[in-house]
Amino acid sequence: MTPFDPAALVAVLSAFYPTVDVATLAQARRARPGVFAGGALVGDGDRLQLPDGRVFLLIWQGAWTAVGDTPDPAAAGVWDANRIAGFFLTYGLVVPESVIQQWLGYWRLWGWKDPGYFLMRLSHAQELVDAGLATALPADPGGDAFALEDGPLAPIDDSVNFFGFGTAPTMESIVSDQLAPLDGSEPQLDTVQGTVAQFDPAGAGAALDDGTLEAAGAAHAGTVAAFTGDSIDDVAGATDGQRAGATDTRGTYDENPPPPVSVVDPGDPPDKGPGSANPLPPAA
Amino acid sequence: MASDTLTMKNIQDASVYDFKGDRTRVKRYTFYLGTHGPFVEEVPLDPTFDEQEIGRRIQALKTHLMLVTS
Numbered sequence: 000m001t002p003f004d005p006a007a008l009v010a011v012l013s014a015f016y017p018t019v020d021v022a023t024l025a026q027a028r029r030a031r032p033g034v035f036a037g038g039a040l041v042g043d044g045d046r047l048q049l050p051d052g053r054v055f056l057l058i059w060q061g062a063w064t065a066v067g068d069t070p071d072p073a074a075a076g077v078w079d080a081n082r083i084a085g086f087f088l089t090y091g092l093v094v095p096e097s098v099i100q101q102w103l104g105y106w107r108l109w110g111w112k113d114p115g116y117f118l119m120r121l122s123h124a125q126e127l128v129d130a131g132l133a134t135a136l137p138a139d140p141g142g143d144a145f146a147l148e149d150g151p152l153a154p155i156d157d158s159v160n161f162f163g164f165g166t167a168p169t170m171e172s173i174v175s176d177q178l179a180p181l182d183g184s185e186p187q188l189d190t191v192q193g194t195v196a197q198f199d200p201a202g203a204g205a206a207l208d209d210g211t212l213e214a215a216g217a218a219h220a221g222t223v224a225a226f227t228g229d230s231i232d233d234v235a236g237a238t239d240g241q242r243a244g245a246t247d248t249r250g251t252y253d254e255n256p257p258p259p260v261s262v263v264d265p266g267d268p269p270d271k272g273p274g275s276a277n278p279l280p281p282a283a
Numbered sequence: 000m001a002s003d004t005l006t007m008k009n010i011q012d013a014s015v016y017d018f019k020g021d022r023t024r025v026k027r028y029t030f031y032l033g034t035h036g037p038f039v040e041e042v043p044l045d046p047t048f049d050e051q052e053i054g055r056r057i058q059a060l061k062t063h064l065m066l067v068t069s
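Chains as they are written, first to last, in numbering that gives the first Met the number 0: chain A, 0 to 283; chain B, 0 to 69.
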């Protein structure tokens, strides 16, 4: 695919197609597809969209020398391959491609047959206003122009008992009832806390040193004095003769086995009763 | 390169068919005018081939190309 050459396309259209309209453009597209670089005629048929997305305006309808001019309906169009972006650049606008596509959408929406409206919108472009070439749009009156009104329905009153089910205890009342017995716990905690704060562990330890520990020391000294003179060898020697008197449980079992016990005869089984030929009389 | 410099790339006989399937024999010229192109022009061979036709087309293209690029 050869690259698109706008100048070559305009030269071909101008040289061989004196009638400037959409039908002629379509005919040129069929007869000389190479110069269109594989593009498609889009919109009203007066724009060429290339496979890479670029859009070229091929029919320049009328002649506008300044923004806001009214197009002459009788003026014949001319062939042009001015890219849509070139239209904005003509008026000193530098806008991104996204804005161009957006305005191109407006252009399609309003229709090529009424370009004045498009130019009216363009005449309020901020860039033109800043350059002193156009007037700004009227100021926003402010406020919400589409504020909602009060509807015919009113919110439901939750306090009204519509169905007569009575008033069940709420979660708040249940929790407050459970917390009621704990109302007096705070002074108790304060008392315990004060007691702990008043406890003097140093004084308590001093009292133990003075009284109880001295008595314990004296008792321990008495116990030690009672053991004075005893020898651990003497205590162990006292058990020397006890080994012979202890029962030797590690010897062979030499006792006679017990006599065998006879099995008791259980006797004959009980009588099965009379047979079916001689049944018992019915119970009274 | 000036836009009126003709560079002929290819000349060949070909056939084109219209929407009814009717065949038309043509002589196909592929050329450049300066850096612009390629231009592809098809001059009919039937009923009579006009050797001056491609020259007139090239001259028309040169004129309008100069107007466009000037």
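If you're looking for bench data, these hints aren't it; they were derived computationally from the structure.
Possibly wrong hints are sitting among the right ones.
As the list claims (entries may be wrong) - Distance condition first, Cα-Cα at most 20 angstroms in a straight line; then the derived EDC-like pairs of lysine to aspartate or glutamate:
1) B:Lys61 <-> A:Asp4
2) B:Lys26 <-> B:Glu52
3) B:Lys8 <-> B:Asp45
4) B:Lys8 <-> A:Asp264
5) B:Lys26 <-> B:Glu41
6) B:Lys26 <-> B:Asp49
Said to hold, decoys possible - Derived, one-sided and incomplete: chain A residues facing chain B with beta-carbon distance under 8 angstroms:
7) Thr1
8) Pro2
9) Arg242
In this text, all values refer to a predicted model and were calculated from it rather than measured experimentally.
Note that the Cβ used here is the ideal one computed from N, Cα and C, for glycine as well.
Outcome of the hint check:
{"no.": "1", "hint": "B:Lys61 <-> A:Asp4", "verdict": "holds (15 angstroms)"}
{"no.": "2", "hint": "B:Lys26 <-> B:Glu52", "verdict": "holds (11 angstroms)"}
{"no.": "3", "hint": "B:Lys8 <-> B:Asp45", "verdict": "violated (23 angstroms)"}
{"no.": "4", "hint": "B:Lys8 <-> A:Asp264", "verdict": "violated (136 angstroms)"}
{"no.": "5", "hint": "B:Lys26 <-> B:Glu41", "verdict": "holds (5 angstroms)"}
{"no.": "6", "hint": "B:Lys26 <-> B:Asp49", "verdict": "holds (10 angstroms)"}
{"no.": "7", "hint": "Thr1", "verdict": "holds (6 angstroms)"}
{"no.": "8", "hint": "Pro2", "verdict": "violated (10 angstroms)"}
{"no.": "9", "hint": "Arg242", "verdict": "violated (132 angstroms)"}
Hints 3, 4, 8 and 9 from the list above are not met by this structure, while the remaining hints are.
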